[in-house]
Structures are given as C-alpha cells and as structure tokens.
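Student: Sequence lines, in order, name chains E and C.
Basically this note's numbering = 1-based index in the first sequence + 24.
Basically this note's numbering = 1-based index in the second sequence + 24.
Hints are computed from structural coordinates only; laboratory data are not their basis.
Any given hint might turn out to be false.
If you want the footprint, here are the derived chain E segments under chain C, 3+ residues with CB under 8 Å [to be verified]:
hint	region
1	155-166
2	311-325
3	351-360
From the three backbone atoms N, C-alpha and C, an ideal C-beta is built for every residue, glycine too.
2 protein chains.
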Amino acid sequence: MTVGVGILGGGTVGGALAHRLLTERQAIADKAGLSLDLRYLAVRELGKPRPYAFPAGVLTDRPEDVVNDPSVNLVVELMGGMEPAGDLVLQALKSGKPVVTANKELVAARGKELIEAAEASGVSLLFEAAVGGAIPIIRPLSESLAGERISEVLGIVNGTTNYILTQMCDNGAPYSSALAKAQDLGYAEADPTADVSGGDAASKAAILASLSFGTWVGSEDVYREGIEDLLAIDISYAADLGYLPKLLAVASDTGEGVSVRVHTTLIPSDHPLATVRGSQNAVYVKGPDVDELLFAGPGAGGDPTATAVLGDIITSSRELLAGAQVPPRVRFGPGRLRAFEEVETSWYLRLEVMDKPGVLAQIAATIGGNAVSIESMVQLGRDDEATLLFITHPSPEADHRKAIAALGELDVVRQVAAAIRVLPPT
Amino acid sequence: MTVGVGILGGGTVGGALAHRLLTERQAIADKAGLSLDLRYLAVRELGKPRPYAFPAGVLTDRPEDVVNDPSVNLVVELMGGMEPAGDLVLQALKSGKPVVTANKELVAARGKELIEAAEASGVSLLFEAAVGGAIPIIRPLSESLAGERISEVLGIVNGTTNYILTQMCDNGAPYSSALAKAQDLGYAEADPTADVSGGDAASKAAILASLSFGTWVGSEDVYREGIEDLLAIDISYAADLGYLPKLLAVASDTGEGVSVRVHTTLIPSDHPLATVRGSQNAVYVKGPDVDELLFAGPGAGGDPTATAVLGDIITSSRELLAGAQVPPRVRFGPGRLRAFEEVETSWYLRLEVMDKPGVLAQIAATIGGNAVSIESMVQLGRDDEATLLFITHPSPEADHRKAIAALGELDVVRQVAAAIRVLPPT
C-alpha cells in the first residue's frame, strides 16, 4: 500500500509539498488509507539553501532520473514553464506513470496531447492546482458537472491583478503605486508581465473552457488584454454607475461556438464576483439546470496549492493501488470556436469632448451609425472640460471597435479617454 | 459503450433526471463519451399523471425488479427515506452494481455500512446530490481536499429555512408569516417539520463531517435545534450589533474530537456566508493550508439536483466501462466524537429585567460565576421596561447552559427572553 512519489521542481509549491509528505505521512495514511513515500525532489541547484531539511538521497538535480526510476510510481511536475516540463510529463505518462501537475501554461498549451497520452496508457493526468490554487474547480467541472450544458464561466483567476485592482478601488491609488505595493508584499513578481498582461489568466481560461464545454481550447485561442491601462478616475466614475473592475476570464458557449477571453471588465457591484477581494480567486459557473454556482478561495501560494496537488496525488494513488485502467475523466468533442469579433459585448466609454450645441447628437449618431445602442449617458462638467460617460447595450465586438474608432475621428471629440468592457447585469 | 440505467423513485428529481436521460442522450454522448440508456423508472403509482411521457416499458412499480434486471448496470436511488431505499441500495451494491443516490437521510444513517459494501464489491456509491443540491461539495471534500487537515466546515444546507430567515431579516416578518409565504411559494412543505426543526440539515451535517474529518459521524451524533423559536425583535437587535441569523450546520475538529451541530446561529454580517440569501445553499471550509473556501449555489430543486446525480452517473459509468475495480474514495479512520457540552460556544442573550440599582452587578456576577465572560452589553429602555443584550466570549456550552439557567432564577430578571448562539468574528 505504498506509492513512491517523485517531485519535479523545488520551488515554493514543490518545497511545501515535499515537506508535508514527510511530516504528515501518518496523518495522510490515517485519513486516506495509503502510504505516500517521497523518493525524490528534483531541484535546479542542489547547493541552494532551503527552508526544509530532506533525508539523504531525496534531493537531486536530474529530473529525468526521477521519471525513469522504477521506485517512482507517480510523478508530480511543479517545475512550471513549457520545457523540459512538457517532455518529462509526456515521458512519464508514456511509461505508464500517472502525473499530477500544477502547470497551467503546459496544460493550456499541450493538454489535449497529454490527456490523450494518459488515456492511451490507462493512467491519470490530474491538474487541480493549475487553476484557482486550492479551490476545487477542475474536478467539479470535469466530473460533477459533466452532465450540465454549461453556458458561461466567469473567473477571477489571477490573484496579483485582483490584489492590484482591489487596492485601486479601495484607495483610489494609481495603477503604478498599487503594483509597487503588490511587489513589496510579494503578491507581484519583479517582472509582473505574465500577470498584469492577462497571460497567466489566459492559460487558466483556456483550461476552464476546455473542461466546461468539452471542446479543446488552447491558450492561443484566448483573446487577452491586461489591466495596465486602467485609470483611477475611471474606477471612480464606474463606482458611481454601480460597477467595479476585475480582470475577468470569460468563457461562453452561446450555441454558436465557444468564445474565451481575458480583459478588464466592469462588473455590477452586486454581482457575486464583486465580493472577491485582494488576492482571492473565484470561479462562477452558469448553466440552465444548475443556475449559478460560485467557488471561491485562495488562488495561489505554496500551502494552498500543495493541498490541491496532494488531493490529486491521493486520488491517483488510490487508482494505482486498485490496479485499474483509469477511465478518462474528460473528453473533447467536435465543437467550434467563435471569433471574438462576433461575440456581443457592452462597453463603458469616457469621451472628453467640446461642449457646444449639437455635439451629443453628432456623437450619438456616430455610435448608432455603427449599430451600437446606448444604454445610459452621463455628462460631467461643461464648456472645454466636458466629459461624457456612456454604457452601451450588448452588440458585436466588431461593431463596438468600429464605433470607438469613428468616435476618435470626430472633431468634437478631443479624446476617447477610456473604453472598458462591461458585464451586463443579469 | 452503453450503460443501462435504472432509476428508483419518480418524484421531482427522478422525473427530471429520466426526462434528461431521454432528451439529452446525444448531448451526453458527445460530451461524456458514453451512452446512457434509461431502462426503468420505478414509481409508486403507475397511473398517476406525469409531466413527461416515457417509452413503453420504462415505467414500473416494482423497484426490486429494477435492481435485479441484468440489463440494468447502474442503479439510481431517488426514493428518499430509509426503507425500502436502504435495502434496495444494499442489494444493488452486493450484486456488483454501482449506485448513485441523493438520499441524505439514508447516507447519514447507514453510509458507513453502504460504503463498505460498495468497496467490498469494487463498485462506487456516489451521493453528490445528498448535500447542497447542484453544488459540488461531496467530491471536493472527499477527493480534492483529501490531503487537508480540515478544521471547520460551516454550511447553510437547508434552503427552506434560509428562505424563511431571509424573509424575516428583509421584512421584519414574524416566523409564522415567513413560513406561510415559503409554503405558498413551494419552498416549504405542508408539514415543514423536517426542515424547520433542523433534521434535514443534521443529516447533511453528518455527511459533511464524515467526509471532512475521515471519522464516521451518524445523524444521531448531531446536536440539533430548529429555527421555530426565533423572534423578529431579536433579528432586529442582532442587526444593530452586526449579526444576522442562519440555520448553520457546524462541524469542527479542534484536535480534541469531532463535534457536529445544527442550530440557529448569529453570524457576523461581513462573514462570507452572510451573502447567501433566499433558498441558496453554501458550504464554507476552513483548514490550515487552504485557509477559507466557499462553495455556493442552488441547494435543491429537480433540475439542479438532477445535474448532480447525472455527474455521478457519468463518473460511475466511466468506471464501469473501464472495467475497473473502483478504488475507495473515502475512508473512515478512528477519530473520536466530542460531546457538545464541552465545545466552546458564544451567545447572544436578551434579558428583560427590572431597572434598579445593583441589577447589572447581580447579573454580571451570575454570568461570571458560571465561568462565562461578557464580550459586550447594551441596555435598552429604563425602569420596568429595561432590556439587556449580552454577547458572551467563547466558553464551554455546558457553562453557558448553567449561566442561562441561573439567570432565569434571579428575582431581578423577569425573563431570559432570548438565547441564541453566535459565531464569533474570525
């Protein structure tokens, strides 16, 4: 009843996991009914100081040896990035070893190939920790909700940007100082690009969409924009209109195809996701039978993520010990992707305009002339300083882009100062 | 790749499920990669009018024939209640057929025996729909969080009482009229006892606790009180103090044993569960590594519950088709239960007192003399009409009961008009 575990990657999650496998071995055995034996932890630099001590022989800098060692029954990939992680995972699966990974980038890019390799070998590839840290969402989507025709998934799946946006909302801080604070506190990395540009969220959105709709969506299929251009003044105006900003992952299947996108979105302040603050994550699932489901919790961090990985290790070990061919958990049917330009979006627009007679008529004609209709309008200030705020009704993304470009060409419009997508109230 | 499904019980959930198996057969096949063939729907009265039409031969009034028919590979039990449901489930499992059930009463009472019977036959017993309707919570607790040392689970797991309490909070309605409205709208049954007395929530609490702590907790081990005695005036006072009432299922393991209870609880108005309104359900999970997780959604209803059942059917069918011995998903270790009297609770107390010098000193001495300490006190009114509101610090339930009894004996106390447990702010 012992499973030999080999961990690839000795960073925050790998270190925390290895430590728990050693210190909680008896507790896991009592609760889960199986014995997990940490055989290896493959790290980049053997000599680097570490917060935990490991028994002799556990640390190695040769990940390929971990995958090949016959005493390793199950491989845990926590290196991150595409290579060598991808080939090591594939090699493990092909040799009949189940794999647990937290690598969203890898799963979003090569998930279909890896899942098929796992199925061909009759073993599991589990990746609960790839989205939402400790929040159980992969298993609920792919198993519990396998019978639901999910129509929409909305996710706050990047803690760094949610922390920054919460700071901007609470304190009126500009983006740059909220980012600096996030970096000081360790919520953002020195190079924050992957988080603030939406890249990390896009990988997670691709995974959520693939599992929700049973149609493979790769990270390259996800439209993405980051939060870098958001101004404090628009957060303030949006609050007055009853909205607040989130970097939202949106995956929808309207029956005309699957669309997946990540962008700054103004959500109604009474939406369930509006309560998700700071570095918290949450996923909101909509379907005709389940109506609305919400899953929320810590989206990152060594200990929460290690818990998600450990849950997958226990599931996979139970399967190993049952000696079973593992049934497939997910399956990708035909389905088709829908171009973002066709998808209906709503927008908040802030125009800096000259205030003279006929200006509003000219602007309204330009918006309407591009098949976009206005839900509400507010005018602030007068004369040379006039600001117009618009919220538009849903219409195709392409029409909105044309309308925004046309507004920028008008002589009476000094500047289209902000254009942010809006989640319409449900 | 076809699985023959036999459903026992043609009520709201059974009818909705049978209808979906017939009408969504192709969609399920596309998404899940398997074909589910509805063989039987066992109902109580064959002649009763039904909202859906079924093919000839599907309806039967002989549930034992469904279990025994060799064309039925998988049994779905939606009859509810203890018998004959329990023996039919046991018979199916013993004959090597996996079972999916939504029957919380049965699982809470005989779950250990049934899970062991399933394990002995190498098949699954799945019951995602038994708690929280469409909210995936059973699988997350027993699989995703198998590696977490969960310390506390708080659940709003009865939609009827949550609807009634939300009405009382929003409109200041008394219990009786909020109950009548819930009955009018179909949220409460003509005999609401099982809901309002906490019995339904107690079964669900027992299941949540068993899975969270890996220690078997039967429904008879759950302390329970209902919401029937709650007065609108105390909801109003509690709101002023920053609290609102929920019928809360509380399962905790403080290291000194597992305690499970269901009772009206005043929770801080900024607690994540405070946003769960109307007939919604939610489960909140706390642990040292995951910190806080929240799962929320519709807790009952034919369509949401049918989705949860269908997810279990698909999982179980995939296992059947893989031809595997199914590994155990849960395991009950030793662990011990803790008597509720030893558990630390906090209370809201409303005393109607005579307002004369020395009264407060006498009351404070009585509370302190029973090893309970006061967190805050508010005096309302004067003279003959004086009301004192206390919130106490956590101390053992037994001490609180003694203090409350002793307060009732004091001459200066006209009445201990309300005593409601409080969830301390975290």
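Student: For which of the previously enumerated hints does the structure constitute a violation, in increasing order of number?
Tutor: Failing hints: none at all.
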